[in-house]
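Residue numbers (UniProt numbering), protein chains in the order written: chain A, 1 to 295; chain B, 1 to 220.
In short, the hints are calculated from the structure, not lab data. Careful, some of the hints might be misleading.
Over 12 Å on every C-beta distance to chain A, these chain B residues come out as not near it, computed from the model [stated by the list, open to error]:
#1 Asp35
#2 Val68
#3 Pro71
#4 Glu75
#5 Glu84
#6 Leu125
#7 Arg134
#8 Asp146
#9 Gly183
#10 Lys203
Pairs of lysine-lysine residues, derived as PhoX-like cross-links and limited to a Cα-Cα distance of at most 20 Å, are as follows [said to hold, decoys possible]:
#11 A:Lys57 x A:Lys113
#12 A:Lys148 x A:Lys169
#13 A:Lys59 x B:Lys218
#14 A:Lys142 x A:Lys169
#15 A:Lys142 x A:Lys131
#16 A:Lys148 x B:Lys218
Every residue, glycine too, gets a C-beta built ideally from N, C-alpha and C.
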Amino acid sequence: LKYSFLCVVLFTPAEGAAGCRLSFLFPVCPSDISPRNNNNNPCERSCGVSAMFSGLKDKVGEVLLPGDEFSLETEDTISLTERVKPEKVVCGPGLRRSGDRLLVCKSGVLRHKQPNMFWMDSQQRRYVPAKGETIIGIVTVKSGDVFKVDFGGSEQASLSYLAFEGATKRNRPNVQVGDLVFSQFVVANRDMEPELVCVDSSGRANGMGVFGGGGLLFTVSLGLARRLLSPHSEVLSDLQTLFPCELVVGMNGRLWVRSSSVQQTLVIANLLQSCDTMTAPQRQDLFRRAAQGAL
Amino acid sequence: MMEVCGSSNVTLREFGSEQSLLSRPDGSASFIQGDTSVLAAAYGPAEVKVSKEIYDRATLEVLIQPKVGLPGVRERAQEQCVRETCEASLLLSLHPRSSLTLILQLIHDDGSLLSCFLNAACVALMDAGLPMSRLFCGVTCAIDADGQIITDPTAAQEKESRALMTFAIDATERRVMMSSTRGSFSVHELQQCIAVSQKASEKIFQFYRDSVRRRYSKTL
Numbered sequence: 001l002k003y004s005f006l007c008v009v010l011f012t013p014a015e016g017a018a019g020c021r022l023s024f025l026f027p028v029c030p031s032d033i034s035p036r037n038n039n040n041n042p043c044e045r046s047c048g049v050s051a052m053f054s055g056l057k058d059k060v061g062e063v064l065l066p067g068d069e070f071s072l073e074t075e076d077t078i079s080l081t082e083r084v085k086p087e088k089v090v091c092g093p094g095l096r097r098s099g100d101r102l103l104v105c106k107s108g109v110l111r112h113k114q115p116n117m118f119w120m121d122s123q124q125r126r127y128v129p130a131k132g133e134t135i136i137g138i139v140t141v142k143s144g145d146v147f148k149v150d151f152g153g154s155e156q157a158s159l160s161y162l163a164f165e166g167a168t169k170r171n172r173p174n175v176q177v178g179d180l181v182f183s184q185f186v187v188a189n190r191d192m193e194p195e196l197v198c199v200d201s202s203g204r205a206n207g208m209g210v211f212g213g214g215g216l217l218f219t220v221s222l223g224l225a226r227r228l229l230s231p232h233s234e235v236l237s238d239l240q241t242l243f244p245c246e247l248v249v250g251m252n253g254r255l256w257v258r259s260s261s262v263q264q265t266l267v268i269a270n271l272l273q274s275c276d277t278m279t280a281p282q283r284q285d286l287f288r289r290a291a292q293g294a295l
Numbered sequence: 001m002m003e004v005c006g007s008s009n010v011t012l013r014e015f016g017s018e019q020s021l022l023s024r025p026d027g028s029a030s031f032i033q034g035d036t037s038v039l040a041a042a043y044g045p046a047e048v049k050v051s052k053e054i055y056d057r058a059t060l061e062v063l064i065q066p067k068v069g070l071p072g073v074r075e076r077a078q079e080q081c082v083r084e085t086c087e088a089s090l091l092l093s094l095h096p097r098s099s100l101t102l103i104l105q106l107i108h109d110d111g112s113l114l115s116c117f118l119n120a121a122c123v124a125l126m127d128a129g130l131p132m133s134r135l136f137c138g139v140t141c142a143i144d145a146d147g148q149i150i151t152d153p154t155a156a157q158e159k160e161s162r163a164l165m166t167f168a169i170d171a172t173e174r175r176v177m178m179s180s181t182r183g184s185f186s187v188h189e190l191q192q193c194i195a196v197s198q199k200a201s202e203k204i205f206q207f208y209r210d211s212v213r214r215r216y217s218k219t220l
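Please model the complete structure; the sequences and the hints are all you need to start from.
If you want it as structure tokens, here you go:
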């Protein structure tokens, strides 16, 4: 007997990036098919998966509401000569599997990435931590071996003092309460306290660590932060036509910007906060007026 | 769905809503039904006090602020109705040991207040991006002295009615999630009111879909 598996993997995308957060398989053909039961055709269920896949593909680009579902429907006529191919649908944020159905749990636009990734693109302000995402946090407590970092989530994350490049027990990093850290999540699920590190898997800092002398930290929506981080970001290229500045983008919606003067820093911060809900032409017009010195 | 008898009319007052109108909360919405107007703000998932945390679910808190004065017993009763409905539709197990707060501010009361609270709550929770398994809406029915069923009554109609019922209807199967009634009515009248509310809820769900579609129509 051949089995088809529906692999439903939950992940968090930055545009184009994917890191596995949680994965589970469930067999589309139940494993307790009795060989004597000739009516139970293993091809039947795999056709149901491709029916759901095509159902999802039809709705790509449409606005869906919580409660909309995609069900695994079996077709009435199945070709017995078709080979059973394992079909996979990878589900991202906003889509959940409940039983044999796919449930939309956030309102937004359904997006698709080849070959089989689907997720809900929604506008949100509150950040929920996910493994592998880089964020800007503020150190709030320095107790013993561990720093507590506030990143805007439901609880504070812990950052070990050894999780910095070149840190040993004798050579502690110079981190004070109130400092900004750019770090990534190494443990981030709903049941455990989130944990941050400022090194990547090979032990190098890779741009992470303490920063923050001068500059301004402000919050924007999560969608704008993701748009700034996407490859070939339009917002970023528009921003480059203005003054030279240093910009750090955290996926928790926090941005830090530093420019050559306080006034320019404030202008860039205000522009980024206001261009959140603007369309591309409006944003370019706004940036052009700022560059000309009208603002 | 039950059958609707011919003598009832399923007309709702003009309703409208606006999303993301407040800058501080994670999600906000205003809902207007005729002259009744309510503002809702949703926060979450945020930090929770250790005394209130639940180990496997989020803690949902609903606060209803009246127009004048401090919240009293009536607001507490309405809060319980809204909270039970929201807890049944939110996926609370996705955010254990967190708090979700929903604040409903009454702007003007001209009848059908509890259903306006429910509608504003649903739109605010959607706006905040909180994971929900289903949408819900609130519909109020009044039975006047002649036995006629009036949907979405005004304050004057509510005062003269002999029974007033509010139902929270869910979007996927149109079932009743919560009911709050006052007055005297027969079983048959109750069933008729439920059927009428289920029919009226379709308009509200279509309105939700249209307003969310409009919100996401701008390509950013």
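### Query
Among all the numbered hints in the text so far, which are the ones the structure does not match?
Violated hints: 6, 7, 15, 16; rest satisfied.
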